[in-house]
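Chemist: Next come the chains, spelled out residue by residue.
2 protein chains.
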Amino acid sequence: MKSLSIKDIAVKANVSITTVSFIINGKAKEKSISEAVIEKVKKIIEESGYKPNQIARSLRTGNSNIIGLIIEDISNSFFSRIARLIEDKAYKKGYKIIYSSTENSVEKAKELINMFKSRKVDAYIISPIKGIEEDIKMLIDDGNPVILFDRNLPDVNTSYVGADHFNASHQSIQSFIDQGKKNIALVTTDINVEQIVERYEGYKKALEDNGIKYDESLVLKIHFNQEESETIEQIKVLLENKKVDAVLFATNYLAISGLKVLKKINKKIGDDFAVIAYDDHEAFELHTPGISTVQQPLEEIAENVIKLILKQLSSKTKIENQQVIIPARLIIRD
Amino acid sequence: MKSLSIKDIAVKANVSITTVSFIINGKAKEKSISEAVIEKVKKIIEESGYKPNQIARSLRTGNSNIIGLIIEDISNSFFSRIARLIEDKAYKKGYKIIYSSTENSVEKAKELINMFKSRKVDAYIISPIKGIEEDIKMLIDDGNPVILFDRNLPDVNTSYVGADHFNASHQSIQSFIDQGKKNIALVTTDINVEQIVERYEGYKKALEDNGIKYDESLVLKIHFNQEESETIEQIKVLLENKKVDAVLFATNYLAISGLKVLKKINKKIGDDFAVIAYDDHEAFELHTPGISTVQQPLEEIAENVIKLILKQLSSKTKIENQQVIIPARLIIRD
DNA sequence: ACATTAAAGTAAAACGTTTTACTAATTCAA
DNA sequence: TTGAATTAGTAAAACGTTTTACTTTAATGT
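The listed protein sequences correspond, in order, to chains A and B.
The opening residue of the first sequence carries number 141 in this note's numbering; numbering runs sequentially from there.
The opening residue of the second sequence carries number 141 in this note's numbering; numbering runs sequentially from there.
Keep in mind that the hints were calculated from the coordinates and are not lab data.
You can take every hint at face value.
Copies of the same chain are indistinguishable here, so a pair counts whether it falls within one copy or spans any two.
Computed list of lysine to aspartate or glutamate pairs in DMTMM-like fashion (alpha-carbon distance at most 25 Å, straight line): (1) Lys233 with Glu443; (2) Lys277 with Glu186; (3) Lys233 with Glu243; (4) Lys171 with Glu186; (5) Lys322 with Asp385; (6) Lys403 with Glu425.
Please construct the entire structure, taking both the sequences and the accompanying hints into account.
Modeler: Encoded structure:
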């Protein structure tokens, strides 16, 4: 069954297409369409269940009311929660979200940007990876609203919203040291993104500030795309062979792998062994004992992202870039 | 900066728009365009970075290469994992996904369907709720490929993919009984969807099969949209006031709330108190002791969904409906 | 009574593609 | 050598909107 077009409505109402269009878009008054005609047309639209074809509308107006969201992986709870919040807030303003996961592949990220571009999304929200700076710059140069979150790209000149990773990490390590820990390990990933680097820098700086020598063998950089079993093996080696009394995991999925190792080798968290995970996860609260975590302020991040995007969308001129850095909270459990 | 159109390419190459279009769509040979022209045009396209405007393309061809995915909540790990798998597989076939969460609101679900309709998505993948049967039927009548998953709507006549909730639930209760449990509680939700009802039926049937009397006061139906704190309170009341020696939680988030209660009232899982959660979650594996769960075969569900959708998309005629029921696995931990 | 202005509405172009039906030039068969 | 078939390509319509510039009629001011 072919769906109705504005023409069908016009014919039924015995008015022109233009008139119907004006009514649909609330310009009837301003374009001096009589109350009687407005009523008649509205009634017909109502009864027939006509919905304007957004594709045609987009083609004509040049905007799609769609915001593209590019993230690393929607199945990661950090991103799925952010996505949900962003979707929610965008929805209320009449925008839809198309999301896609890059899986940390530069290739896929570029493809996604192209895809969004050819779909004429109105704005881009991107948790970027190194290697797509040029593509993002092109978007910006073409006048598209672009906002980065979670990870920044220092040489891309646009707004950014994210947590204060350096301080969160520094604080975490400081709390270990305050507990008297000396051999503090860091389990992180090898992807070269700012937020991960900052966590690493925070770790180093905190050691330095406390006069503890940095020991490279206590830093484990896990390859991003590898199987979890391999990750578990590597963490196991670290914990068994080094005398480590505290570990900071730089992402929640690494912490989960780490906890699996602890369970396996039956190493208990307690007075002589402490753990902090970056990014909260339900598993951490339930764990016995509770796992301390660095909580990113999801709600605030989402809010700022959407606020900035909407602001840019409703402004004719390019608004000034903003860097919103939100403190993360260290939650000490048990 | 205006983006390039096919016309710009045509002008640059000094050929007609038609020719460029044929080349872009791989119909050059068939339409007898010379090798030389093909090369020239391809080169120009390459150099200029031209990408066809998908909106215009969609308007003309009537399809968008977008599949709409309607789920309950993207931040629930069951859905976010399924979404990721579906996205992945769809992407490989050149389809994009637009998802949106209904939050179990009939209103929002209807709105989403309308939105997708006006966006002319090529197909619908829906984890439905009661109350939108008519809307879905209309989609089907209009010739749209529609596939339901996770939850079925008995009186909607279309394909469905989901786990065998009745048997999974039955099996779980049977395993409690085999362990000698007598006072088995069920914590479930009050949303009236088939998959939840089936879990309830499986519970009842298993009790009956074993000659255990059904006790309504052991079934706790949690209101869907309430605050977690209230849920926790209700579960707490159940566990403290009834002598219960086993609990089946009908969803993973209920189980998580339940575990929080256990931690709070310091009730241990062990020989005299057992728990099974429906839908796995990382927290369950890590929990001490491990929480037994009913694992839904995510990969298989996603695979079947996408297979059916693609089959329907590539077929001119309506293919026969299929009901794919996949067994769930009961994972006994510790 | 006449020119202006306002009211009520419409025709047609434009957005960027795809596709159908066509043309012109060349090759081929008999 | 002529008509048919092939090769190489193009003009223009169509998809369903929005929007600009226009027309026609009625009301108003002087």
